[in-house]
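Visitor: The listed protein sequences correspond, in order, to chains A and B. For the first sequence, this note's numbering assigns the number 1 to the initial residue and increments by one for each residue that follows. For the second sequence, this note's numbering assigns the number 1 to the initial residue and increments by one for each residue that follows.
Hints were generated in silico from the structure; no laboratory data involved. Watch out, some of these pointers could steer you wrong.
[What the hints assert, rightly or not] Covered stretches of chain B (chain A as the covering partner; in silico rule of three or more C-beta atoms under 8 Å from a C-beta of chain A):
(1) 29–43
(2) 152–161
[Claimed, not checked] Simulated pairs of lysine to any residue, SDA-like, Cα-Cα distance not exceeding 25 Å:
(3) A:Lys636 - B:Gln119
(4) B:Lys152 - A:Glu129
(5) A:Lys275 - A:Arg323
(6) B:Lys5 - B:Lys152
(7) A:Lys287 - B:Lys152
(8) A:Lys287 - B:Lys5
(9) B:Lys19 - B:Leu112
(10) B:Lys152 - A:Pro406
(11) A:Lys636 - B:Arg125
(12) A:Lys275 - A:Lys636
(13) A:Lys636 - B:Pro54
(14) A:Lys357 - A:Ala23
(15) A:Lys59 - A:Lys617
(16) A:Lys617 - B:Tyr104
(17) A:Lys617 - A:Gly413
(18) A:Lys287 - B:Lys19
(19) B:Lys152 - A:Arg323
(20) A:Lys617 - A:Lys357
The beta carbon of each residue, even a glycine, is placed where N, CA and C say it ideally should be.
In case you want the letters, here they are:
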Amino acid sequence: MIDRITDIWGSRTPYAAGADWPARADQYLADGVAEADVAWVQSACVLCSMDCGMDVAVKDGRIVGVRGRTADRVNHGRLGPKGLFGWQANASPDRLTQPLVRRNGKLEPATWDEAMDLVVERSRQVIGEHGPLGMGFYTSGQLFLEDYYTIGLVVRGGIGTPHLDGNTRLCTATAAFALKETFGSDGAPGSLTDFDSCDTLFMVGHNPAETHTVLWARLLDRLAGPDRPRLIVVDPRRTKVAQAADVHLPVRNGTNLALLNGILHELIAGDHVDKSFVEAHTVGFDKLAQTVAGYDADRVAEICGVPAADIRAAAEIIGSARRLVSTCLQGVYQSHQATATACQINNVNLLRGMIGKPGCTVFQLNGQPTAQNTRETGADGDMVGFRNWQNPAHVADLARVWKLDPLQIPSWGPPTHAMQIFRYAQEGAIRFLWITGTNPAVSLPELARIRSILSQERLFVVVSDAFLTETGRLADVVLPAAMWAEKTGTFTNHDRTVHLSERAIEPPGQARSDMDVFLDYARRLGLSNADGEPLVPWQSPEECFTAFTVVTRGRPCDYSGLSYDKLRGGSGIQWPCNADAPDGTERLYTDHVFDTDPDECEDYGHDLSTGAAFERKDFVALGAAGRAVLKAAHYKPAHEPPDDDYPLLFTTGRTAYHWHTRTKTAHAPQLQNAAPEAWVELSPADADRLGVAEGDVVRVESRRGRLEAKARLSGVREGVVFAPFHFGYWDRDGDGPDGTPTAANELTMTVWDPVSKQPQFKGAAVRVERIADGGGVPAPAPTTTASEPAAGGLPPTAGGTGVRETVEQR
Amino acid sequence: MKMNKAVEDVHEAEGELAKRLRRTGERHAAESDLFHLGHTLARQCAEHLRALAPFAERYGAKPAPDDVDASPGLLEAARVKSAGLVGRTEAAGLLLMADLRELYLAAQHAELAWVVLLQAAKARRDAGLIDVVTRCHEEAEMCGKWVRTRIKEAAPQVYAAG
Numbered sequence: 001m002i003d004r005i006t007d008i009w010g011s012r013t014p015y016a017a018g019a020d021w022p023a024r025a026d027q028y029l030a031d032g033v034a035e036a037d038v039a040w041v042q043s044a045c046v047l048c049s050m051d052c053g054m055d056v057a058v059k060d061g062r063i064v065g066v067r068g069r070t071a072d073r074v075n076h077g078r079l080g081p082k083g084l085f086g087w088q089a090n091a092s093p094d095r096l097t098q099p100l101v102r103r104n105g106k107l108e109p110a111t112w113d114e115a116m117d118l119v120v121e122r123s124r125q126v127i128g129e130h131g132p133l134g135m136g137f138y139t140s141g142q143l144f145l146e147d148y149y150t151i152g153l154v155v156r157g158g159i160g161t162p163h164l165d166g167n168t169r170l171c172t173a174t175a176a177f178a179l180k181e182t183f184g185s186d187g188a189p190g191s192l193t194d195f196d197s198c199d200t201l202f203m204v205g206h207n208p209a210e211t212h213t214v215l216w217a218r219l220l221d222r223l224a225g226p227d228r229p230r231l232i233v234v235d236p237r238r239t240k241v242a243q244a245a246d247v248h249l250p251v252r253n254g255t256n257l258a259l260l261n262g263i264l265h266e267l268i269a270g271d272h273v274d275k276s277f278v279e280a281h282t283v284g285f286d287k288l289a290q291t292v293a294g295y296d297a298d299r300v301a302e303i304c305g306v307p308a309a310d311i312r313a314a315a316e317i318i319g320s321a322r323r324l325v326s327t328c329l330q331g332v333y334q335s336h337q338a339t340a341t342a343c344q345i346n347n348v349n350l351l352r353g354m355i356g357k358p359g360c361t362v363f364q365l366n367g368q369p370t371a372q373n374t375r376e377t378g379a380d381g382d383m384v385g386f387r388n389w390q391n392p393a394h395v396a397d398l399a400r401v402w403k404l405d406p407l408q409i410p411s412w413g414p415p416t417h418a419m420q421i422f423r424y425a426q427e428g429a430i431r432f433l434w435i436t437g438t439n440p441a442v443s444l445p446e447l448a449r450i451r452s453i454l455s456q457e458r459l460f461v462v463v464s465d466a467f468l469t470e471t472g473r474l475a476d477v478v479l480p481a482a483m484w485a486e487k488t489g490t491f492t493n494h495d496r497t498v499h500l501s502e503r504a505i506e507p508p509g510q511a512r513s514d515m516d517v518f519l520d521y522a523r524r525l526g527l528s529n530a531d532g533e534p535l536v537p538w539q540s541p542e543e544c545f546t547a548f549t550v551v552t553r554g555r556p557c558d559y560s561g562l563s564y565d566k567l568r569g570g571s572g573i574q575w576p577c578n579a580d581a582p583d584g585t586e587r588l589y590t591d592h593v594f595d596t597d598p599d600e601c602e603d604y605g606h607d608l609s610t611g612a613a614f615e616r617k618d619f620v621a622l623g624a625a626g627r628a629v630l631k632a633a634h635y636k637p638a639h640e641p642p643d644d645d646y647p648l649l650f651t652t653g654r655t656a657y658h659w660h661t662r663t664k665t666a667h668a669p670q671l672q673n674a675a676p677e678a679w680v681e682l683s684p685a686d687a688d689r690l691g692v693a694e695g696d697v698v699r700v701e702s703r704r705g706r707l708e709a710k711a712r713l714s715g716v717r718e719g720v721v722f723a724p725f726h727f728g729y730w731d732r733d734g735d736g737p738d739g740t741p742t743a744a745n746e747l748t749m750t751v752w753d754p755v756s757k758q759p760q761f762k763g764a765a766v767r768v769e770r771i772a773d774g775g776g777v778p779a780p781a782p783t784t785t786a787s788e789p790a791a792g793g794l795p796p797t798a799g800g801t802g803v804r805e806t807v808e809q810r
Numbered sequence: 001m002k003m004n005k006a007v008e009d010v011h012e013a014e015g016e017l018a019k020r021l022r023r024t025g026e027r028h029a030a031e032s033d034l035f036h037l038g039h040t041l042a043r044q045c046a047e048h049l050r051a052l053a054p055f056a057e058r059y060g061a062k063p064a065p066d067d068v069d070a071s072p073g074l075l076e077a078a079r080v081k082s083a084g085l086v087g088r089t090e091a092a093g094l095l096l097m098a099d100l101r102e103l104y105l106a107a108q109h110a111e112l113a114w115v116v117l118l119q120a121a122k123a124r125r126d127a128g129l130i131d132v133v134t135r136c137h138e139e140a141e142m143c144g145k146w147v148r149t150r151i152k153e154a155a156p157q158v159y160a161a162g
């Protein structure tokens, strides 16, 4: 029987280019549960940005399993390990079931009325003393569209503060900005079906084998098919994806932009440019060509630490591609010069004229399941419906829908980014901070700083969560949140596919959905619109969704043709979905007219090197008007290069078996057992120099902090140290390190990309020392993923039995 | 001919801009973007002057020597320390605005010095100098745009919040 912890991607169903990806129904029911005894409720998975269609099995008011939906366009029935096993977290005894209020320094149970009265009283006090700019809100990429849209209206329209951002800032802010800079608006140009027909894949800093396991299953099926696409991988780790590559470029961390400029240089020098496409559908080619002219393969090889011949080979493959799909994720987004690099990946496809047609696209991917909705609803650094905050007509239009004076909506600048919100809290400018569904005390950089900000007496912290996280432990009020499957709502994945997820069970105890809590907050604050009516006109998720279909009508993310009824049954549906495209839209820009009309675009763009914001007149002068913008920037060395004191480069990342700070996945035994503890990865050469053997305990130290964990000698690039960012302190009942620090973000830097403001997690100078002998016991790191030992010889990570896979015969 | 003077003016203006970028970054070390980007752009000023060096020699300019950059690692250690000390005073906002305004003027001053040199280079038909100045001018201009963007973002919180 198949073990889906060992075999993360399940059994192969190979297929050829242009064919349909065969369906495979994955199902897991808890031990002893008979299929005949369960009721199935439609949903989709929320443990990565694929949003695989799934049904939830319910018996006696409890979730007892899941199955993939074969009709769904995203996954054709498949589920990954997190999707198969992660639902067990809902029933965990660790769930928060009642509000907590800090009394005499201690969090104590309280009623909802007591907790909300306190939240409202402090809100009124801060607004009275400091104005709306004293209020800050930090949300998630894991709530539902209806939660975000309600939060967005209450915070921006009601309270009137720009200080609302999502943890999507750490995740996919760069995806959004790269799309805006190049194409004029957010929105993935392509479709997951482009992976079915491409002949070449260019994957930069993207490890789908662990972060998008069902996408990797699709690619494995193509790679095992009769016409294997060629694969180029840029990653300093020897991931499973890198192992499958035709060319693997394990670049030195912090040199992505030099590499991309080098690839573009080779494409131009090798005459691989689709000149008629570039001429007709882009602006900026001359500047781009001039910028990359100095990036010959030999110079780039020197900067990036990879052979020049491999750079040329990669460019040759891209240059001879007929159907190219490029992808990128955190290796790009969480490095310095993030947006500049992501834009160059867009440029690769534009120079090749490979966008807006089958098998030809670029994916600026997401990480979190509902990150796309944080962006669409304006609960992060964007405005509702991809409106442009610098365009008064857009703001006026939103004010009309919200029945507010346009002046009420903060549009004097971009919505405040998360790192700036925390900075304002640090200096006392923000006195009230409400955090929903995210755990900054583990996930933000430089944790000692974050803990000290959240612990301030003068800052009132409210945390809404399903579990008592490290962040919750630092809060003044903790509110128990209903999770996925305990509320109805919608969310959208990284190819614009919208899914409906129905409430399958009751939330535990007194837990409530975030939407309900913010409706209650608005009511208690007495927020109203310009006509004196209640600000938020909806009560149910479905009413909220309907309101969202109205506010997005005519915008790029047009939901106006969607409804809950339409999303019930069958597959998720891709926006834009409207009267012209009632079944949704597979690809954007098929006519090669991009969203760069100055009246329509979501953003006027930025200088990629400094983040200087362009204004309308700058954008008009660019003359894009429907053409894509080829933006260029020079490589600059990273902020903290290794030196004698801190000679190694530190990078963080994720494993296939855990999600974020493990609040969900550590409560699923199969996942927890697969990766039970923190570890650190060293290359065998570095380990040898440091006298470290597999399983020895090492201390990794940066100028900001340290962590201690067992060492795995893996395929990470020499000179680079890797640690997963999942391992905080909540399962030791702590808000921070008590003795043994294990969180990777103890070490990371407070610095961000100048355009997307995404923090940098992949590049800090560190030193490593061995502090204890491991006695020959290997590190507790998975052996089935990028953390597998370089020398091999360890048994595969296991423990995922009981899954049934049914391949549908064609 | 006073080409040497136009080159020296650029040197002085870029040197002053670099100094102000570093000083603003260090005085407001808790503003991490100002700190890191400030130092990156200060290094860019030094690169500009290196690119200009052959022309300084050609036209007999005698610029003052450049400041030596501190290493990024040492700077980061200083940032962590000083950000903890000064990062929590509420008066920091007004000081920040004052320093950013000065920085903006320094960037404008440098931008204009490049414009003057570009005009002179064109009249001298010095194609090599025109190339260098065109590139550097654009970056100096962008530096000013960046400071302006930063000022616009910072102003509401400093002046309009309680």
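Visitor: Among all the numbered hints in the text so far, which are the ones the structure does not match?
Guide: 3, 6, 7, 8, 11, 12, 15, 18, 19 and 20
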